[in-house]
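The chain contents come next:
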Amino acid sequence: MSRLLILYTGGTLGMQPSSKGYVPSRRFAEQLDAALVAQPANRLPNHDLQTLHPLIDSADLAPVAWNRLVATLAEVWTSYDGFVILHGTDTLAYTASALSFLLGPLDKPVVLTGAQIPLGEPRSDALNNVVLAMQAAGHSRAPREVCIAFHDRLLRGNRARKCRTQGLDAFDSPNAPWLGEAGIALRLNGLPPLPVGTPDLTPADFEAGRTAVLHCHPGLSPRQVTRQLDDPQLQGLVLMTYGVGNPPGLDGQLLTCLRQATERGLAIVNVTQCGQGMVQQGTYATGRQLEDAGVIAGRDLTPEAAITKLDVLLARGQRGQALRDALSRPLRGEMCAH
Amino acid sequence: MVPSKRGLAASPHFEPRLRNALVTLPQERRDALPTFDVIETSPAIDSSAASPHDWQRLADLAKARQSGYKGIVILHGTDTLAWTASSLAFQLQGIGIPIVVTGAMRPLGSDGSDALDNIEAALRFASCPELQEVAVCFAGKLTRATRTRKQHTHALDAFDSPNLAPIGELVDHHPVIKPSRTLAAQGRPAPPTAADYQTLHPSAVARIVLWPGIDAKLVRQWLSNAHVRGALLEVWGGGNIPDDSALANTLAEASASGRLLAAISQCPKGEISIGAYAASHSLENANVLSGGDMTPEAAMTKLFHLLALPISHEARRHRFMASLAGER
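Line order of the protein sequences matches chains H and B. If you're matching positions, the first sequence starts at 1 in full-length UniProt numbering and goes up one per residue. If you're matching positions, the second sequence starts at 1 in full-length UniProt numbering and goes up one per residue.
Isolated chain H, as found in the complex:
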């Protein structure tokens, strides 16, 4: 039987009510242990539980904290057959996407999960999600990739989004099929596996201010866009556009601004604000001009995958044409190929 490491990093799952709202519980490891021990003997994979010190609050997770996860995995990678990471739900999709790009090809499953209601609270989904993640990570045909297990769904990490604030079925992958689904049994959908390999467990050189996201909206200030793009620190931008990838015209100012930025070497990825679908530059007059300005079509990337892919590629030292090429094609199943 496989041996798993459960890494508790923080989040709702291990919180308890307080006068300031939910705060991390000191007794979580004990509680989870007790809950798992209460499961029928030998029905779950063997596991150890480790707690990340200090805990990450899902909301204060910055790229630097992703390095902490990688460093922890580096210490234990050879000792276990699979990894379950317990994480807050609010930035879970960002972390899963980032880890998929940081680690690259894997030879073992990494399954992230969390909960909408803390363990031990009435109607908590915590135990169910943890057990699902353990079953997925311990499965003989577990996908060798970064996944999210949540509410009976197994999703590719860099395709997943938190789609609901309240619903227990909080995660979905709007542009890709689920990797698996748990009814009575956990069924894997047998999607083409990603390339298997030894992960990159070295820290990446993240730097604040190197990437940004710009959401288009009617009334977007051309002056503000210019100021933002002119920042010499900025090396990558996710441009969140309308529909199939149309930015607002801003009387031609936005395009000029974008062209100048790409000429300076800034990598700009075009991602749609629509919850589903794909950016295709060139369908409309406005989109065609983006293609000419050197903007990269992000196709069906989620915003979470787009920003973390950009973050990780830059932090791994990719620049220029190599960076643009890597952004234009799927690296870890995060987007459809051309």
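To be clear, the hints were calculated from the coordinates, so they are not data collected in a lab. No residue lacks a Cβ here, since even glycine has one placed at the ideal position from N, Cα and C.
Chain H residues, not near chain B, derived (Cβ > 12 angstroms throughout):
#, residue
1, W178
2, P203
3, E263
Quick list of the computed label-pair ranges, beta carbon to beta carbon:
#, chain 1, residue 1, chain 2, residue 2, range
4, B, A184, H, H53, 50 to 60 angstroms
5, B, G187, H, Q260, 47 to 57 angstroms
6, H, L188, B, A165, 28 to 38 angstroms
7, H, P232, B, R65, 45 to 55 angstroms
Partial pick of chain B residues on the chain H-facing surface, computed with a CB cut under 8 angstroms:
#, residue
8, D79
9, L218
10, G238
11, N240
Fit chain B to the given chain H structure using the hints.
Just chain B, lined up with the frame of chain H:
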């Protein structure tokens, strides 16, 4: 839209093409259509280029024409349709006739176009007197304007109302309104007391969508622009922002300087609750208003609407928290 060398471009002289297309409908459906006049805005608006000034012009046009008609259909590009429709709903609060906004994913006359179906449906819904609000009609569904988003880039069923069930649907080419879901049934609000809009800078409201690693400096840059008088923050999940004191201070300063700040979730479904987690306390401390389950389109256009009204900051905050056009 018609094909041009640079992709699809807005085409003038739409009316004859529309009337010719409607003639191709089966007799029975043609007979069920209301008579109508067509007004073309000049120049036509490319949806992605629509600005808050365009919203105001459209609302003025609707106000000027409403007394002569039983309903108004607005044909609009899909990219910013939800923005325009939401804005119209706030500007035309209390209107007693249906205003139905529609568009098409494929141009009228092109292969597999949805334009004619959508226009036919919109004309039929705009003839329903029980509908007294701005609504979006698309792919056989009628949704409240302030609840509607463009959800899909390519599917003909491109629009969705994630937090409110549709208020009507087309059944066998007949418009069916769900009476209990209309604003009229829920007590149509009174029109705004001060209808005189102040002239607002088109960039008076900033949109700040957080991502992990966002630099507080950048947020400060967005908020400190002299013409920015309000901002919408799109935060994580149930209402969390990074635990970054620089960010918290920036928000608190912007609030203290009289800017109207509100927050909604990046999740398409569900509402935020500020204060549920310790990590959301900086939003509370910075006097950031909860946008509940509003769409980004509704929240942004509502901020525009409130900032353009000649009312006090407190009145704006109060009205933001209320449902003005069924938006929350």
